[in-house]
Amino acid sequence: MIRRHGPRLAVLVIAAAFTALAGLVGQAGMAALDRTEGWRARLAGEMTAAIRPSDPAGADAETVRATEVLAGTEGVAEVRALERTRVAELLAPWTAGARGPDLATLPRLIAVELDARNPARRQDLAEALNAAGIDAVVDDHQGWRRTAADFRHSAAVGLLAALMLCASGLAAIGALAADQDFALRRAALRTRIQLGDTPLACLLSGVGPAARDLAAGALVGGLGAAGLGVLSGLITSGISTADLIALTWRLASLVAAASLIAIVCALATAARRIQELDP
Amino acid sequence: MDPLSDPDLSQGTTSALRLSGVAAPRRAGTSGLEGVDLEVAQGDFLLVHGEAGAGKSLLMSLAGLAVRPAAGRIEVLGLNPWRLATAGRARLRRRMGLVFQDLNLIEGMTVAENAGLPMRIAGIRPDTYRRDVAELLDWMGLGDKAGAFPEDLDHDQRQRLAVARAVAGRPEVILADEPVGWMGPEAAGRVLRLLLQLNRQGVTLVVASRNPDLAPARRRLALVGGRILPEAGT
Chain A
1 MIRRHGPRLA
11 VLVIAAAFTA
21 LAGLVGQAGM
31 AALDRTEGWR
41 ARLAGEMTAA
51 IRPSDPAGAD
61 AETVRATEVL
71 AGTEGVAEVR
81 ALERTRVAEL
91 LAPWTAGARG
101 PDLATLPRLI
111 AVELDARNPA
121 RRQDLAEALN
131 AAGIDAVVDD
141 HQGWRRTAAD
151 FRHSAAVGLL
161 AALMLCASGL
171 AAIGALAADQ
181 DFALRRAALR
191 TRIQLGDTPL
201 ACLLSGVGPA
211 ARDLAAGALV
221 GGLGAAGLGV
231 LSGLITSGIS
241 TADLIALTWR
251 LASLVAAASL
261 IAIVCALATA
271 ARRIQELDP
Chain B
1 MDPLSDPDLS
11 QGTTSALRLS
21 GVAAPRRAGT
31 SGLEGVDLEV
41 AQGDFLLVHG
51 EAGAGKSLLM
61 SLAGLAVRPA
71 AGRIEVLGLN
81 PWRLATAGRA
91 RLRRRMGLVF
101 QDLNLIEGMT
111 VAENAGLPMR
121 IAGIRPDTYR
131 RDVAELLDWM
141 GLGDKAGAFP
151 EDLDHDQRQR
161 LAVARAVAGR
171 PEVILADEPV
181 GWMGPEAAGR
191 VLRLLLQLNR
201 QGVTLVVASR
211 NPDLAPARRR
221 LALVGGRILP
231 EAGT
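Those protein sequence lines, which keep their order, are chains A and B. Residue numbers for the first sequence follow our numbering, so the first one is 1 and each next one is one higher. Residue numbers for the second sequence follow our numbering, so the first one is 1 and each next one is one higher.
Among the hints, erroneous ones may be present.
Said to hold, decoys possible - Only part of the chain B face toward chain A is listed, based on derived beta-carbon distances under 8 angstroms:
{"no.": "1", "residue": "Val67"}
{"no.": "2", "residue": "Ala70"}
{"no.": "3", "residue": "Ala71"}
{"no.": "4", "residue": "Gly72"}
{"no.": "5", "residue": "Ile74"}
{"no.": "6", "residue": "Arg83"}
{"no.": "7", "residue": "Leu84"}
{"no.": "8", "residue": "Thr86"}
{"no.": "9", "residue": "Arg91"}
{"no.": "10", "residue": "Arg93"}
{"no.": "11", "residue": "Arg94"}
{"no.": "12", "residue": "Leu98"}
{"no.": "13", "residue": "Gln101"}
{"no.": "14", "residue": "Gly108"}
{"no.": "15", "residue": "Leu117"}
I should point out that these hints are in silico values taken from the structure, not numbers from a laboratory. Where a beta carbon is used, it is the ideal one built from N, C-alpha and C, also for glycine.
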């Protein structure tokens with residue numbers, strides 16, 4: 001029994017493994033891309049004004065004034081001055097962890113959330129502050145956004161490479177399934193060709209079992225990946241109906257794509273093998 | 001009248017099979033063929049005889065389009081099969097009935113499915129040819145084996161099944177390589193009568209055998225060491 005169905009079972013298991021791997025890599029990769037895009041969008045929708053108080057004693061008052069100036073600037077939605085301790089945390093890499101009295105000399109940071117429909121430009125904020133006599137530098141997060149974009153690009157390349165690896169695995173298992181099937185039916189196919197069957201008819205008449213095994217493997221793998229996705233979603237943040245619909249859609253696409261790759265490769269291999277039977 | 005003793009075998013005027021300068025390399029234990037020239041008219045009956053290893057099966061394989069010649073030209077029913085596209089060659093093969101020396105039965109198919117395979121390949125619906133196949137198997141003495149698999153048959157029965165399959169598709173040319181070699185005298189006589197009857201109806205018949213007196217062929221050719229000896233009529 002195992003000897004007879006072993007090769008078919010192996011095809012099914014390997015197809016399932018590659019599909020599950022593709023599904024998990026796809027889910028993780030898409031999550032990373034979504035997260036990075038969210039990060040980049042948030043950075044693009046905000047700017048940070050660094051106030052350099054001329055007198056540490058009047059720093060609080062100058063910060064409040066800068067906050068009012070920025071809030072009154074066109075294209076600004078919300079302004080929020082950061083706590084001194086929070087500033088110290090943010091600047092720790094550059095201040096070697098300043099503590100106590102040193103905190104007074106640190107610049108004060110103001111987070112500026114821009115109006116999404118009509119966002120203010122960096123120059124607008126800098127000019128408004130300068131016009132009010134406040135010494136400040138406005139950072140539009142260009143550097144961070146570039147970092148986020150670079151990270152997203154790297155994540156996309158990594159995702160693509162991993163998916164291509166899975167696709168290659170599925171293609172290889174498709175070819176293997178076709179080869180196995182061909183080895184079993186070689187004599188029968190040769191006879192059919194000699195009796196006048198066309199290679200195409202032989203191909204279509206015989207590809208069914210291999211295609212079924214590959215599609216079943218892809219379905220099992222897709223369900224496995226979806227199950228792990230649901231489980232991880234439940235553990236982390238819960239699963240909504242919309243999430244489930246999206247997951248189902250992704251699962252169907254994954255299974256269809258995996259089956260397609262494997263079956264097309266199986267067909268191509270079988271076609272080549274059958275063609276060889278016609279001298 | 002017994003077809004075996006009927007001298008009035010049909011003869012045609014158009015070439016059913018033509019080999020010009022055909023050569024094929026030797027295969028294990030057999031001679032290759034060199035410069036074979038052969039023409040078989042439509043409706044003719046040719047018996048090719050020779051010792052084992054003389055090249056009969058290779059000649060039949062070439063004529064049956066199972067092997068491509070290394071040199072020379074082959075025409076079947078006026079067409080050069082090796083210049084046809086794959087689909088055209090497949091259509092030409094459907095006009096031929098082959099009895100292979102190693103029978104080439106499909107083990108996963110029943111006796112009835114094996115016999116009906118040429119018609120299935122030709123795209124005929126099974127319910128259309130099922131009755132014909134049953135009658136043919138009855139004639140071959142395999143009526144009670146229709147649902148069996150080839151592995152359940154003895155060699156005599158397998159050979160009868162191979163002949164049944166070759167004639168089932170009503171071919172224009174039948175090429176039979178030792179078609180009755182393993183059969184008992186009664187079964188062999190029955191099969192040869194069937195082949196001769198088809199020949200009388202206009203089917204071209206080429207039979208290869210070690211026995212030069214196997215059947216009353218209109219033409220006989222001796223094959224020795226891959227070469228055809230001068231022809232002798234009967």
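_Of all the hints numbered above, which does this structure not satisfy? Sort the numbers upward._
Violated: hints 2, 3, 4, 5, 6, 7 and 13.
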